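Novice: Could you build the full structure based on these sequences and the hints that come with them?
Protein chains in written order, with the working numbering: chain A, 1 to 429; chain B, 1 to 478; chain C, 1 to 148.
Okay, derived cross-link-like pairs now, DMTMM-like style, lysine to aspartate or glutamate, Cα gap no bigger than 20 Å in a straight line:
| # | chain 1 | residue 1 | chain 2 | residue 2 |
| --- | --- | --- | --- | --- |
| 1 | A | K306 | B | E53 |
| 2 | B | K2 | A | E235 |
| 3 | B | K167 | B | E368 |
| 4 | C | K121 | C | D98 |
| 5 | C | K23 | A | D69 |
| 6 | B | K2 | A | E351 |
| 7 | A | K306 | C | E3 |
| 8 | B | K2 | A | D237 |
| 9 | B | K115 | C | E3 |
| 10 | A | K379 | B | D38 |
| 11 | A | K197 | A | D237 |
| 12 | B | K473 | B | D440 |
| 13 | B | K2 | A | E183 |
| 14 | B | K296 | B | D306 |
If you are wondering where the hints come from, they were derived from the structure by calculation, not from laboratory data. The structure displayed is predicted, hence computed values, not measured ones.
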Amino acid sequence: MGMKAKSGTSLYTHFWGPLHLVALIIMVLFGQLALMGNPIDFIPLIMGGALLLLIYFVGWVIRFNRLGDPYLWTIVAMLISLGQAMQYRLSPVNGVKQFNWILIGVLIYLVVYVLYASLHGRFRSVFFHYGLLIALFAVTLIFGTEINGARNWLKLGGYTFQPSELGKIVFVFFMAACVTTPERLRVKWSGREIDPKFIMMGLVYVLMGFFAIQREFGTAMLIFGVYLTFIYVFERDILFTVYNLGIVTLLGFVAFKTVSHIEVRVDTWLNPWIDTGGTGYQITQSLFAIGSGGFFGSGLGMGYPKFIPAVRTDFIFAAICEELGILGGIAVIMLFFILLYRGMKLALRIEDRYMKAVAFGLTMTIAYQTFIIIGGVIKLIPLTGITLPFLSYGGSSMVSSFATLGLLQALSGQILRKEAAQIETGYNQ
Amino acid sequence: MKLDTINSRILHSLVFAGVLFGLLITSLTWFELRGKNDIMGNAFNKRLIAEEEEVLRGRIIDRNGEVLAETLPSENSKIRNYPEKRLYAHIIGYNSAVYGKTLLEAKYNSELIGKSNLEFFQQIQKMLSEETPKGYDLRLTISHALQVVAREQLGDRNGAVVALDPKTGEILAMVSTPDYNPNASKLEENWKTLIESENSPLLPRATMGLYPPGSIFKVITAAAAIEAGKADYTTVDQGATVIDGMTFSNAGEKAHGDIDLHKAMTVSSNVYFAELSQKIGASDLIAKAKDAGITKSFDFDLPRSDSRIGDNGMGKTELAATGIGQGKLMVSPLQMAMVAAGIANNGTIMQPYLVKTVEKEEGNILRESEAETLYDMVSPSTAAQLKSMMISVVEEGTGTRAQISGVQVAGKTGTAQNEKSTESDSKDHAWFIGFAPAEDPKIAVAVLLEYRGEGGGRAAAPVAAKVMSAWLKLSESQ
Amino acid sequence: MVELISMAAKYILVVIIYVFIYKIVQLIYTDIRMLMGRDSVAALLPHLKLMTPMGTKGAQSIAEIYPILRPESLIGRSKKCLIVLPDPYVSSEHVRIDKVGDKFFVEDLESANGTLLNGKKLDRRVELKDGDKVSLGRIDLVFSEGGR
Chain A
1 MGMKAKSGTS
11 LYTHFWGPLH
21 LVALIIMVLF
31 GQLALMGNPI
41 DFIPLIMGGA
51 LLLLIYFVGW
61 VIRFNRLGDP
71 YLWTIVAMLI
81 SLGQAMQYRL
91 SPVNGVKQFN
101 WILIGVLIYL
111 VVYVLYASLH
121 GRFRSVFFHY
131 GLLIALFAVT
141 LIFGTEINGA
151 RNWLKLGGYT
161 FQPSELGKIV
171 FVFFMAACVT
181 TPERLRVKWS
191 GREIDPKFIM
201 MGLVYVLMGF
211 FAIQREFGTA
221 MLIFGVYLTF
231 IYVFERDILF
241 TVYNLGIVTL
251 LGFVAFKTVS
261 HIEVRVDTWL
271 NPWIDTGGTG
281 YQITQSLFAI
291 GSGGFFGSGL
301 GMGYPKFIPA
311 VRTDFIFAAI
321 CEELGILGGI
331 AVIMLFFILL
341 YRGMKLALRI
351 EDRYMKAVAF
361 GLTMTIAYQT
371 FIIIGGVIKL
381 IPLTGITLPF
391 LSYGGSSMVS
401 SFATLGLLQA
411 LSGQILRKEA
421 AQIETGYNQ
Chain B
1 MKLDTINSRI
11 LHSLVFAGVL
21 FGLLITSLTW
31 FELRGKNDIM
41 GNAFNKRLIA
51 EEEEVLRGRI
61 IDRNGEVLAE
71 TLPSENSKIR
81 NYPEKRLYAH
91 IIGYNSAVYG
101 KTLLEAKYNS
111 ELIGKSNLEF
121 FQQIQKMLSE
131 ETPKGYDLRL
141 TISHALQVVA
151 REQLGDRNGA
161 VVALDPKTGE
171 ILAMVSTPDY
181 NPNASKLEEN
191 WKTLIESENS
201 PLLPRATMGL
211 YPPGSIFKVI
221 TAAAAIEAGK
231 ADYTTVDQGA
241 TVIDGMTFSN
251 AGEKAHGDID
261 LHKAMTVSSN
271 VYFAELSQKI
281 GASDLIAKAK
291 DAGITKSFDF
301 DLPRSDSRIG
311 DNGMGKTELA
321 ATGIGQGKLM
331 VSPLQMAMVA
341 AGIANNGTIM
351 QPYLVKTVEK
361 EEGNILRESE
371 AETLYDMVSP
381 STAAQLKSMM
391 ISVVEEGTGT
401 RAQISGVQVA
411 GKTGTAQNEK
421 STESDSKDHA
431 WFIGFAPAED
441 PKIAVAVLLE
451 YRGEGGGRAA
461 APVAAKVMSA
471 WLKLSESQ
Chain C
1 MVELISMAAK
11 YILVVIIYVF
21 IYKIVQLIYT
31 DIRMLMGRDS
41 VAALLPHLKL
51 MTPMGTKGAQ
61 SIAEIYPILR
71 PESLIGRSKK
81 CLIVLPDPYV
91 SSEHVRIDKV
101 GDKFFVEDLE
111 SANGTLLNGK
121 KLDRRVELKD
131 GDKVSLGRID
141 LVFSEGGR
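Specialist: Printed below as a string of structure tokens:
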């Protein structure tokens, strides 16, 4: 009877424990990075220290203000710590830039939280969201710059960013609006009403086409995955989902035969060893890296991740597998899975359909994005050029990941709180 | 739609995502455990080179410590130096940034760069020491002095010499010609020529070359006869015989009159052995050849070719041809040296090996090879009979040019017809296998001279004699 | 030397990451168990959890959740109380929980067998903090601020 209560009381009771472990990881990783200099590199120490402060500070903000699910931040804190250590190791100069992006990302995270909480009811219009997407496309098409063969970058005062990173979030809102207020999509064609779901389908395919034209096959795949899952969940008739799957398979086949670029990608995926120096270069270097670390990795700084092309962006996962081991890679996959588990749980518990759909869509976006890029890097599926959330180098990626997180956090915190308040007033009567 | 349905579909999506992620994890694990093994050695994997950069590659030395390969500093990098140039090209191979690694440099790459199943504490020790890590040295079974003699004896003729210690299986010398200079600068200079030459200088004939054995195969035919109880066969040799419509004649169509196994071996009578083979039958003959290792594979330090023989369904003429070492028979010099060693070693062929020890520095042994039995070719009594026949061959038969003064030598000559032999221009291979001293053999050899057109007794036997006597002198002084 | 540290570090790193994952999964699992069959919303509000007695495994689980909404909540054996505890060692009106704004206070109402707050005897009005355990009779009540 005199024992201290150890069972989980509220969500926040055992909040600090895991964060301390993240702190430990930061100390080990950045300590190692510091020791790699002659004699000591001070920047990692400062960076590690700043990161420590950051994770505890944000943790405290969430804890103190009860801003919803604390595990979201805990997991992301671990991911960005691993990611940041790797980024600095790969390029100290860019590592610092990436850290700045993390700071901005966290800011966005908190800002989005506040904004969404107050605005959540307002912007539910289907056409608003679709219009936004079209606008993004138009701007990129007209003003866009081409980088690495894809014309999907915008230059703004010295910074380049990818509008598609923003687009995929807007897409989720668009889909959520479509499935919850389908009546807005009613169109009459020679007297007969067309089922809204076909309108939606048309709009989505057009969108996918836009992405395909811009050579953003990864994003097109992502959009389609999210779309398909949306219609599976929200459309009573499962056959509709099956039809869509069939259509896309057909389209994919046609694309494979006609678009040489796609055929090359698939051939390279099936056998990159034929042209190890050319088309197969990226994926083979990635496989060499993954294979050379063993289960525990070659150790931070001890491997040769720089032999991998695009290692800081698309192939960051391969670098992690090389230096932190297969076990490190598996841990990252598990962390993402726990993240999406929390997101799904949130989606299950929200009662308002629109917000349920948004939570669900954002979660599936993270799920598919992670699967597509990791799958491509380990040669499970053909390689596409999308980023790994929180780990890949790049401002657009980091900001969009944190924005997504902020939205999920907002949904978990504010929304449920409001619902609880409604019930409380019900109680008191 | 009902909320419950939506929620359950959401759950389905979660499970689906779980399956996808599970696939990722399984895929990664499978790759690590299985999938990566075939690809990690790919030339495009720059890590192999990078790892090497940091280590001083180990040396390769002969059994007495003569340096055959070492890494020397040069300007701001390192160079792999082969002081004996061509002599070991077909054993050690080369270690080139451009052309890759071959032969021993490839097979023992891990040891040479010091990466091996080291004990945990040794690994820690290595990490604590500040000096450039060194790879391990390979001490070969080869005797450099003997290798020089063997090479000298081949001269400018194409062919191979393989010398083994019959009791242990150690390879004392192994030469293949033509050879080439494996030093990097020369390699690059000559690469195009080497690749395109019809002479195939890059082919290690001792291990990879396959040739019809000709009469040296008769020792196997004899062994098959002895063990099948057909060794008491006698016939009248009139210089030629007809088997199933095909004529088999002796060299120069020489007639030997009444002839038994012992005499037939001594004079190398084709007539006798062609007829004998019919008595033995295809299946027993092939079985005995297999006992000697023909068609069989074994683990070896270098890539090697399996020897070949026809199958059980062969007709009478092919059987006769096989009995005298022609037909579909194709053997490597290494294989025949092993046969000679087997007879010398009371019928047991020992596993041949090239690397004696893997050493940390001189004398500090990490791994040592042990003599191992490979095939039980014939029974000791059969071996004794074969040995006595082979002694006759050298004493008074076709192999008199293999005699060494003061030493009793056993051997068998061979002159093998091949695809290039014609009526007018003989390009027959010259073979000799043998061992010495007969009563307590210290060395067994096989000598092959490609397409010489000279008889084995004439051209190959003297080479064998020189090599064997050189070794006997060398081992005396040890 | 650096190599040695690197080698040690990589094992340490992997261990820590997996302990982390394990802890998170464990916490999530307890959350799920806690909420099985519970009114999901009730746990959002400040509430008291009635804990089952210490089992053989040494862990307690939650038997019931009581949201605290009124300014004054009585706990005791009497049926008048908000939380009725039919334990012989519990007085008819044993303890009172006061809600003042956002704060909660617990006070022992001169019960026969006394009340323990986190193991220490409760002799005056004390503010309740998240996680506090109020023990009366043979029963443990754990206070939670809520906010799932």
